[in-house]
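Chains V and A, in that order, are what the protein sequence lines are.
Last residue of the first sequence: 299 (my numbering), numbering continuous.
Last residue of the second sequence: 776 (my numbering), numbering continuous.
The hints are simulated quantities; they were obtained by calculation from the structure and are not laboratory data.
Owing to the predicted nature of the structure, the values given are computational and were not obtained by experimental measurement.
Using N, Cα and C, we set each Cβ at its ideal position, and we do this for glycine too.
A couple of the hints might just be wrong.
Derived pair list, reagent style DSSO-like, types lysine-lysine, alpha-carbon separation capped at 30 Å [to be verified]:
| hint | chain 1 | residue 1 | chain 2 | residue 2 |
| --- | --- | --- | --- | --- |
| 1 | A | Lys591 | A | Lys693 |
| 2 | A | Lys551 | A | Lys591 |
| 3 | A | Lys318 | V | Lys152 |
| 4 | A | Lys465 | A | Lys439 |
| 5 | V | Lys207 | V | Lys153 |
| 6 | V | Lys153 | A | Lys591 |
| 7 | V | Lys153 | A | Lys589 |
| 8 | A | Lys551 | A | Lys589 |
| 9 | A | Lys591 | V | Lys198 |
| 10 | V | Lys152 | A | Lys551 |
| 11 | A | Lys457 | A | Lys318 |
| 12 | V | Lys153 | V | Lys166 |
| 13 | V | Lys166 | A | Lys589 |
| 14 | A | Lys589 | V | Lys198 |
| 15 | V | Lys198 | A | Lys465 |
| 16 | V | Lys152 | V | Lys207 |
| 17 | A | Lys548 | A | Lys591 |
| 18 | A | Lys591 | V | Lys166 |
| 19 | V | Lys198 | V | Lys153 |
| 20 | V | Lys207 | V | Lys166 |
| 21 | V | Lys152 | A | Lys591 |
| 22 | A | Lys551 | V | Lys166 |
| 23 | A | Lys439 | A | Lys457 |
| 24 | V | Lys153 | A | Lys559 |
| 25 | A | Lys589 | A | Lys548 |
| 26 | A | Lys693 | A | Lys672 |
| 27 | A | Lys559 | A | Lys589 |
| 28 | V | Lys198 | V | Lys166 |
| 29 | V | Lys198 | V | Lys152 |
| 30 | V | Lys207 | A | Lys693 |
| 31 | A | Lys548 | A | Lys559 |
| 32 | V | Lys166 | V | Lys152 |
Partner residues are not named here, just some residues of chain V that face chain A (Cβ under 7 Å, in silico) [as the list claims (entries may be wrong)]:
| hint | residue |
| --- | --- |
| 33 | Arg114 |
| 34 | Pro115 |
| 35 | Gly140 |
| 36 | Leu151 |
| 37 | Thr160 |
| 38 | Lys198 |
| 39 | Cys210 |
| 40 | Ala212 |
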Amino acid sequence: MRMGPAHQAARSGNACAAVTPFRPGGGDASRLLATLRDHIARLEQGHAQFEHQKSRAAPWLTGLAELDRHLPAQGLQRAGLHDVSPRAYGDQPAAMGFALALALRRLTDAGERRPLLWCRLAAHEREHGRLYGHGLERLGLPRHRFVTITLKKPASLLWTMEEALKSGAVAAVLGDAEAAHADLTTTRRLALAAGAGKSAAILTFAKPDCAATASHTRWTAAAVPSLSPAHDASAPGAPCWSVELTRARGGRPGAWILEWHHAQSCFSLVPGFSRRALHPFTDQDGSEAARQGPALRAG
Amino acid sequence: MGRKPPAKGLPFALVETSKSGLRLIAVNATARSFGLMRGMRLADARAQLPELLTEPHEPEEDMNSLLGLCRWMERYSPWVAPDQPDGILLDVTGVPHLFGGEQRMMAEIRQRLAQYGFSVRIGQGATLGAAWALARYEAKDLQSLPVEALRIDGMAAKTLRRLGLKTVGALLAIPRASLARRFRGETIGENVLIRLDEMMGVRDEPLNPLNPPTSFMAHRALMEPVIHAEGLEIVLEGIVNQLCRDLEKAGKGALRLILKLFRVDGSRANLPAGFSVASHDPRHMLRVLKPKLETVDAGFGIDAMTLEARETAGAMVQQHGFLEDDSTLALEQLNDRVLNRHEQQFLALEDVESHIPERAEMPRPSARPLPPKATRPAPTARPLLIFEAPEPAKVVAAVPDGPPMRLTWRRVTRRVVKAQGPERVAPEWWRLTAGERPRDYYVIEDEQGRRYWLYREGLYGEPGEEQPKWYVHGLSA
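Okay, chain A solo, but in the shape it has when bound:
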């Protein structure tokens, strides 16, 4: 955003334009201590507190910063989801022991977020519903939570209160059938029983994480933030070795990796990497990831790293054949390194069954050359280099259908000394390409010995068609 937050201790509010004028949408603690509340009109607030500082409310910015905070929270657990408009949900199953227990983890989160200027309420429970409730309502256990903690509509909550059911414990005493009968609606906010079941754990409520987490992940949290590249490389080696061990045990290899670096200022850097062949070789991964690590700006320091294998495939056991050496593996790894560094990969030129020259070949991304196969007999004469788009040229021939005698191409006129042809290439009638005319290819050599491969498109004397045109399609050695 770029705007500096106001100094601590000053009253501050966010203002929104609604249909009844400017209203306060959020107030900070200092402003609240002066008696300002959410929903007050700005005019009233200013009258009460002239030195109130205000900023316009920007919901998208709030959403973005919430998402950014969610991504930062991924250092604690990969299962993170935003809970609009101002909450974050984390599934910390199996995680707290890494941080010294649940209480210490919550304390650390609270402290770090306080450093960033957030005041936070944390709740932890066995289910999503329970955690949500405990974060917002004070209670010593689930039974004594008020019914509003069930995430139900205001109408349903009011109805429950009128019926005398004020706490969750009271609700649990009611038979389920009558609750289901009484509170039935289309939205989930009306379905009290479902919400109750979700909170108690009877009904499963999965979390929709921001990024689908992967089963192969290695994470390292550092005690002190690291700035220098050597330190980062050491940590990287550790997590790469760990990930490769896991992959190897499962018999899988990684096809796409993502390396996440968490900085102390709350931002995150993502480094993707990909392999053409599933690999669990730590040396290969390191060789691909180390150059990427060098491009990252460490900011004030990096204090956590995660390496995730986003896409995996069964790793082929590299069995070296009797005659094969491991140069094919080296070639594949070379391809991966070039692919990850420069986004270009090796191509093998594949033979395609077509007599149209530009279609007779297809470059195919392939880390190793194509295996030799029984090929068709080689066509008569083909150039070493071929142009993507044949270049028009002017040709003078002795007879209209004869070979060229003079060629003007790229503004240079050359005299043709030798010519071979014509090789008739007719358009493929099974492909209905309009306007394709038959071509007559010639291999010509000029007085200096340079060779060109050109064609005449169209035939002379065809009624209704325009004059044939000449094009240079390729150059020979």
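Only chain V is shown next, with the shape it has when bound in the complex:
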């Protein structure tokens, strides 16, 4: 029997590594890949976290195969830090909406009963508005699943987020971030705190350009014209966002146009060309059409 790489990897790795027997005869490339992927993930994340991720709840996925292919094998890091920034000034509500949609995907797990905490900065509330419960319900977040808090200083907000994550009392924390305060060291602390408390943290930045952070995945979001509902051709439909995954630890970057369905808490993919078909009167100067393929960016 040939000693395949999987076998060798399993032998040299942890003692608890599952040793999948390598069956010669081909057709097992996918199994080999899966084993290798598991092994690498285990080495990367540390044994305990990996086992937790694998054994317990459902993976945190967006539900779309095209998108999930770009994420690490177990989906988004359930106990990690992610961030979403707007692509331009004015896309901030879209970024917040997308962050909420990601958090709602995390909450769809039936075993997760903890609530969500949304931390807002007073300055952001003055500029973009405060959270409106009826609107959150329309996006799929019921009132009995979240609490919110408004803080004045970015440092106190980051402290609150860290404490909330460490305590393990919440399933996910969303927080407004300022690029000046959310640098590598503070975000690394948040990521560690998230791992300790087994909660997820999602930062939403207010401005487009922001420095490097220690997040597991980084997204940018922008608003995109929505698809009208069937009964009314001139009414806005479900929220549509142009989403780009710029950095994913263990995954590949990519860009998509997504539509969010709040009733089922799921995304659907909007093919690029259909936007133009639905809006014959808007003058597309080509800038939107150019963002069709994935915009790969090193990072």
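Given chain V's structure and the hints, the job is docking chain A onto it.
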């Protein structure tokens, strides 16, 4: 005050401006040995003793320092009250054994106050009146005190002396009825019998303490002053555990705590803390109090700590339901920590029955999310974010009552591609708010896909009313 006291041994007096000129209101021992007295004119005093040092008398400063000294005396007992103008009353029931007995306690107080530069006379008795008297008058027992020790008016004291009653013992021999008949007046200073009863303990005279003391208190006096944070934390753990034990035994939890730290230089630091839910969990208290302890300046050292539960409530027994886990408790404790550190707490957005959008919701301070309840059917379209004050905008519409076609807001003009509406929101007629006009809400989407929730206030063509205005009320995702 900032002014240095004069060196020991120099004559010093406080001077007050009265209607007959500058007079000495207080003299120190050295000046008194030279023959100066209270009430002398400054000119006479200076003539007698040219090198007399003087400072103007400031009654408020005296009062403040007396209060400060009272607060420092709280380390001996929480029942402290000032006795104007220059005395302090302490109720030390049940306390002396902590300091090694009554005599040792008095000696320690005398010695500490002498270190701060105070000369003090201490008296101790079974009642307030007795202690007051024994501090001011020398006597071997209560009976031999002079009648002035009864805290009565000068007139009443003079009358008693004229009647031949010079000591308290003599007064006690007189039948009570005749005393009551003879000395009857409106002020308590005239009522000799009442004062006598108070001194003898027949009549109760409660002390009005500066701070109402609480029944749950833990106190630790240290043998050596502690400066470093680790030492303070160890003491804090001790008193927190003690307080929590007491609270738990009584079935109560603390809602408001105050941690008092007494420094060796006589000052005190107060650290308040509060909880949203009554708690007697020592770990939770420590997690809230430790960050506060770090903010305190220990000065030259801290030699006593007191932890008081100012407000308590019956502690709910934390019974974990079958499906509930202790994450709700963790959430409440998290709320307490954030509240005590940053003075902001968690809010749950509560649904209010109102169709005016800004009134349809109320943020309520709540450590945990609201329980799910049967809600009304969700209104049609609502934004993710809402502005506190709707921002005015300029809108161009195809027809006056039609949906917007162009929106100029925050100095940017956008073209509207999609619109949904209008949703008519009329003012609530049962609230007589003047000037409220009906609103027509539209959800619009511009060419880039950004969505706004705006309204037109007022209707076109209404006689007598001004032109309707447009406002942006919220943003959608």
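Hints the structure violates: just list their numbers, smallest first.
The structure conflicts with hints 1, 3, 10, 15, 26, 35, 38, 39 and 40, although it agrees with all the remaining ones.
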